[in-house]
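**Student:** Chain by chain, the residues run as shown.
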Amino acid sequence: MIKIEAIVRPDRINIIIDALDAVGCRGFNVQNVNGRGQQQGVEVFTGRGATTATRTSLPKALITTVVSEADKEKIIDAILGSAKSSEEGAIGDGKIFVSPVSEVIRVRTGERDEAAL
Amino acid sequence: MIKIEAIVRPDRINIIIDALDAVGCRGFNVQNVNGRGQQQGVEVFTGRGATTATRTSLPKALITTVVSEADKEKIIDAILGSAKSSEEGAIGDGKIFVSPVSEVIRVRTGERDEAAL
Amino acid sequence: MIKIEAIVRPDRINIIIDALDAVGCRGFNVQNVNGRGQQQGVEVFTGRGATTATRTSLPKALITTVVSEADKEKIIDAILGSAKSSEEGAIGDGKIFVSPVSEVIRVRTGERDEAAL
Amino acid sequence: MSDPGNVAWMLTASALVLLMTPGLAFFYGGLVRGKNVISTMMYSYVAMGVVSVLWVLWGYSLAFGEGGNFIGNFDFIGFRNVSAEGVDGGISPMLFAIFQMMFAIITPALITGAFAERFKFTTYIVFLFVWVTFVYVPVTHWVWAPDGWIAGIGALDFAGGIVVHATAGIAAIIAAKMVGSRRGVERGVEPHNVPYVLLGTGLLWFGWFGFNAGSGLLADNVAVTAFLVTNTSAAIAGLVWMVLEFQSTGRTSGVGFATGAIAGLASITPAAGFVGPMGAFAIGIVGSIAAYSAVKLMAKTGVDDALEVFAVHGVGGIWGSIATGIFAMQMADDNGVMQNVGLIDGETALLWANVRAVVAVAAYSGVLTFVILKILDIIPGLGLRVDNNEEDLGLDITLHGERGYVADGAD
Amino acid sequence: MSDPGNVAWMLTASALVLLMTPGLAFFYGGLVRGKNVISTMMYSYVAMGVVSVLWVLWGYSLAFGEGGNFIGNFDFIGFRNVSAEGVDGGISPMLFAIFQMMFAIITPALITGAFAERFKFTTYIVFLFVWVTFVYVPVTHWVWAPDGWIAGIGALDFAGGIVVHATAGIAAIIAAKMVGSRRGVERGVEPHNVPYVLLGTGLLWFGWFGFNAGSGLLADNVAVTAFLVTNTSAAIAGLVWMVLEFQSTGRTSGVGFATGAIAGLASITPAAGFVGPMGAFAIGIVGSIAAYSAVKLMAKTGVDDALEVFAVHGVGGIWGSIATGIFAMQMADDNGVMQNVGLIDGETALLWANVRAVVAVAAYSGVLTFVILKILDIIPGLGLRVDNNEEDLGLDITLHGERGYVADGAD
Amino acid sequence: MSDPGNVAWMLTASALVLLMTPGLAFFYGGLVRGKNVISTMMYSYVAMGVVSVLWVLWGYSLAFGEGGNFIGNFDFIGFRNVSAEGVDGGISPMLFAIFQMMFAIITPALITGAFAERFKFTTYIVFLFVWVTFVYVPVTHWVWAPDGWIAGIGALDFAGGIVVHATAGIAAIIAAKMVGSRRGVERGVEPHNVPYVLLGTGLLWFGWFGFNAGSGLLADNVAVTAFLVTNTSAAIAGLVWMVLEFQSTGRTSGVGFATGAIAGLASITPAAGFVGPMGAFAIGIVGSIAAYSAVKLMAKTGVDDALEVFAVHGVGGIWGSIATGIFAMQMADDNGVMQNVGLIDGETALLWANVRAVVAVAAYSGVLTFVILKILDIIPGLGLRVDNNEEDLGLDITLHGERGYVADGAD
Ligand SMILES: Nc1ncnc2c1ncn2[C@@H]1O[C@H](COP(=O)(O)OP(=O)(O)O)[C@@H](O)[C@H]1O
Ligand SMILES: Nc1ncnc2c1ncn2[C@@H]1O[C@H](COP(=O)(O)OP(=O)(O)O)[C@@H](O)[C@H]1O
Ligand SMILES: Nc1ncnc2c1ncn2[C@@H]1O[C@H](COP(=O)(O)OP(=O)(O)O)[C@@H](O)[C@H]1O
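Chains as they are written, first to last, in the UniProt record's numbering: chain A, 1 to 117; chain B, 1 to 117; chain C, 1 to 117; chain D, 1 to 411; chain E, 1 to 411; chain F, 1 to 411.
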């Protein structure tokens, strides 16, 4: 089993989730993070508004789903197809990370691995 | 070393932490996520209350602890034994994911791996 | 490629990010978690202030960056060099976890692996 | 005709008392867990809806109609015959009825702190109608209608220590016991948003000036003293709570100071028009110590009065009502001759009357609340408590279909 | 000289109405997504800046100068000749001008709910100046200046159902249509902070006592009735909305109760000085049902009036203005003889006048708002809408350089 | 007997000024980091406790007793001899004392913005008692007691530009310097909750009507003008700040508008009863520019006046006090003959008196604050600053045992 972590724009979440739904991925979780990459932070006011600083990072959302190897490509395709902010994409659209998971257990039943997904 | 990530109901956190304590796991961290699996989202109001939408996901908590392989089963048992919302368990009680960790370093001392846990 | 996750004190974040910048790590994300280790929680008031309880965990920040193996040590050194709360370090300064990542994809371009970092 | 100054002040005071209910919503809403913040606040807000309607339709009439010692009559149903015409040296009946309405709104809202995080919202709506009609309205008649029996025995309750705080406080503990403890609160609940608690405290303190300094119904020197002692009691009681906390834990919580101040406000309420600043100090100090001790005691009883309504409002209001009998200053009688009133001037009549009043009202509120909740519990489709799953997920999302806070992104 | 009581009440009422704008900021700010909370609140706050200045410089003069049927004149430019000296049996012109200023502030702020989360802030500042000058000021003159043509046809608008709510409501729907829908709101937007919505509701309800009970300009019995019916309509309208919601979904949202209450407040506004509590019930109930239905209907039109300004304020204000013609009570004429006024007493003149007034004002506000926005859209450097990237990131960080909430740690 | 209208207004005004302190708590609380939100708010809230008590016990007596040029006496200790009986054409001494109490509460609370996020709470409690007694009380006596020496030289401070804002502003910068910079703020601190800043601004603006329009102590035409100019100055100053910000960064922060408005309010305070709307424009515009520049300058000094108390309140109050000498309008003397007062009418006496007053008060507040803090620093068990670990973890959890916000789940 593998874990797919996608860092995406917060405003794309609903559309990405629909895409995941469409390819049959119904288990996932989402959280808010702040991230930086090529996309730089923005200038923000600090103190009483007359002085500014640069915010290092911008809000991003992190979707995590653990799936069987077999489903990997279709999930990735679903994300790639839905996460771009525009046709051409723009810096800051995000990244997908894939990593191994050795075991999965469903709390309710104690089922393990593929059965637990 | 392995990382154990447990997605659980937010209202079980204290009880799970007590169970972890009991088996001697004293290092972990917790965060709030929103998740979906078999348990579906709920209907919520949007706009000015007269229209509704379906919330895709529900609040969950994610406990992460990195432990040595040897401790794996007792940690998992502790979680399984404490995370269920009722005797029989209910959909949405959560999942445990286990994945490899290749290195651990303690910031304070620079100690590595098992010594750093 | 590997994922480096550093759990650190929230008040060190800016300094750590500067250190990451200095060694050329410009992609990462940050989130807030609550954690416990050797550092214990603190006593807090509950209810109407006249009764207390012990908070299990304290606020920590989690910085995650995915980098190529080659960059691992310099990133770790950058974090170790910037995350301590004082010269000697103190309990609760945090931990670094390293784990494998098998694939990376840039959403915008579809580039994979090292090219996507 | 009413003097416009008195009208101006009583309009303002009425608005101030109305604002206390949103203030209470924030005070209470901040103290619960985030998954129940809307639910907790709505207990207060919906009281502004239900009780406003009820009061106009029948509440005021039953409370202040000339019906006899125990209850009013139907003369003022739908505010019929409630004139807006001013009267010399006073305010119009309608303005009085409006001012009183605001008290009727906040009293049941106070109770909700006891059963927050688990009481069914639909049942609560019914409870509001029934409890105000059968508990609040009669008690108000007893104490504040000229022909009420408690007014008759000479008991004094300036702004509602008996009518508001004692009734609500006793109802709270009964309700908390009957509804049962919240699931999983053995370790105590950390307030999810302390700034809301402080905001609520600020609005309550502010609004309480209308509550107490308005209760003389005129913009006169009684209003001025009432204003002063209200502020004094709140201030000293907040400080005393802080000192008690500091002595036992070495820290001083915001919630503690706020709670102390509210205890001080509840305590001074029945006495506000009758005591001076020194009386206010005494009342505030003792009120704070008593409420603080009551919170500690409640922790041992195992009754989950979630937001300590009994310990703070009930104990405060009861203490204040007794204290009125102790510290009330000399007052002029109908012939303008000064009469001793309080125990400190050697009179026991008022103290005794107030004690009887408190006991009677507490007993009445306790029994009636018990009976009302018992009946609501067994009516099919009602019932007091949400089911376990709803409680675990939180009442906001399950009963109100909303979450208090929704983050962008994380759906 | 003015009676100090009237001055006291009108100073208080002015402050209360001023507070409604921060209240609105929280009401609206809670309903949007977190990334636009500051932007949404600033639409209201900056109106306190811009309109206060404009009103002193030329707004009041054009609105209340004796210029003729359609517009005032320049007599009071910069508050020249606006005396603070009290007048017997009334308040000074300056106090009247201050009270009116607060209405001019909140009216354009109401509109902003329609285009929240996407309207350019700089353009909005210009819009404020232009819209208040060319829409609000003339309409106010028509309705409330003694020589205004709508006053002349005998239409009655006690506290702004026409002037405030109808103008803003119509402007809102026009603006929403012209600015276009928000990106990605097809599924609806969950309010990001319901406690803020409730806080805003509390402050609005509180401030509305100044709005309505101040609109008689005296601390007298009209103020008292206006106070009562305001509260009554808000209360029943909130409850009605809750019942409608409960019937269709089995749940009762905090936002729904709040929205109903606001609809009730908007509905009673034009009638507040002319009806009794029974009229208030009728107005509140129908106003709430109408606004609820309008929200449902709007969802079908595809016009993204983001915070339902038209459905709630527009429909409420229009209904209330018509209802004034129906339920207005008998009033004394100049000779003190009671005259029938409303349809329920068999008179149609007022109803007819108010209908004409609403139609004229709605048409005027709609056309002018359209023209103003069209012009602002094509002026280089202005334009109505932020670009897609700014909208996606949120207006707070892109236009205001701030985030509503910044967590420690996570930079 | 007092006219009920004056009593009504002054009760209202007193309540409004009291509400400013919670307003300030939110204004300041929103500007700091989330880990210090309770700590920052408690600095304000506890002032409501401490100063209310102190004022009744000895503060009022020392401030307004007839003791001589420099300090009052003990005649009114414990509010002895402070009558609540109204007086013809005015308000009772007790109502005056209450109104003044609210000023004494907010003044030290203003200072706390300078040392927020690092000052020890226990030491702060002691500081409150000492600073109010030895700085605020004497200065108040000098300026506002009829026998005070500053009143004697003919200086005018309508509502506290000198007494409140100059004293607090100077104390703030001294305190900031002595306590030292916060750890790790080199990059500036983003306000953790901008809506709180805006809420605080709304409540302050609202409450300031009581502050300024109450300072004439009557519901008369002076109150009306003071109300108007207060609003005008706030409005224009907020806009000016926004323009300055926009010119330098292309964006317009909510905090900036808010800060400008507060600077405008501080600036108009000493002049509120003496100038008209045009004066208010001048005062607000210059006040905003001066405060904005001061914020920029402060960034270069390296003094970490965390929430810019000196730059905003100090500079605003000082400018306003000087501006009073410039723009004050003609006033009637005791014989009813109009006299020129301000520089614009060619008189220099008032300007000169006010400059002397400001210098004297600033010097006094600066020196005394320095001495008081020095002493508190060396008293064993006190000390000004928390230790590094407490500062890093945040004062909320370490000193108050609470976290501002607690999420469900994540323990
Ligand atoms: N090396 C990395 N490790 C972890 N997260 C990263 C890394 N690089 C980028 N990210 C995350 O992905 C987001 C988008 O990356 P960015 O480089 O800005 O755009 P793009 O991927 O389109 O070039 C960042 O905001 C950050 O959250
Ligand atoms: N494939 C998955 N990947 C990541 N998280 C998952 C996955 N499936 C479920 N989860 C998480 O586990 C939670 C519980 O799962 P759910 O399927 O609802 O219940 P159960 O495990 O009892 O069948 C979900 O809310 C989600 O947060
Ligand atoms: N085994 C673990 N798994 C996951 N997180 C851990 C573990 N141990 C510690 N942590 C995290 O690291 C933080 C610091 O650890 P702690 O033991 O308190 O200090 P130190 O590492 O300096 O001894 C904890 O608050 C927790 O968030």
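Since the hints were made in silico from the structure, they are not lab data. Warning: the hint list may mix true and false statements.
[Said to hold, decoys possible] Restricting the straight-line Cα-Cα distance to at most 25 Å, the calculated cross-link-like pairs of lysine to aspartate or glutamate (DMTMM-like) are:
| hint | chain 1 | residue 1 | chain 2 | residue 2 |
| --- | --- | --- | --- | --- |
| 1 | C | Lys74 | C | Glu43 |
| 2 | B | Lys3 | A | Glu111 |
| 3 | B | Lys3 | C | Glu69 |
| 4 | A | Lys72 | A | Asp113 |
**Student:** Please go over all the hints and tell whether each is borne out by the structure.
**Tutor:** Status of the hints after comparison with the structure:
Of the pairs offered as hints, the one joining lysine 74(C) and glutamate 43(C) is violated, with about 38 Å between alpha carbons and a cut-off of 25 Å exceeded. A C-alpha spacing of about 19 Å is found between lysine 3(B) and glutamate 111(A), which places the hinted pair at or below 25 Å, so the restraint holds. At roughly 20 Å between alpha-carbon atoms, lysine 3(B) and glutamate 69(C) fall within 25 Å of each other, so this suggested pair holds. At roughly 16 Å between alpha-carbon atoms, lysine 72(A) and aspartate 113(A) fall within 25 Å of each other, so this suggested pair holds.
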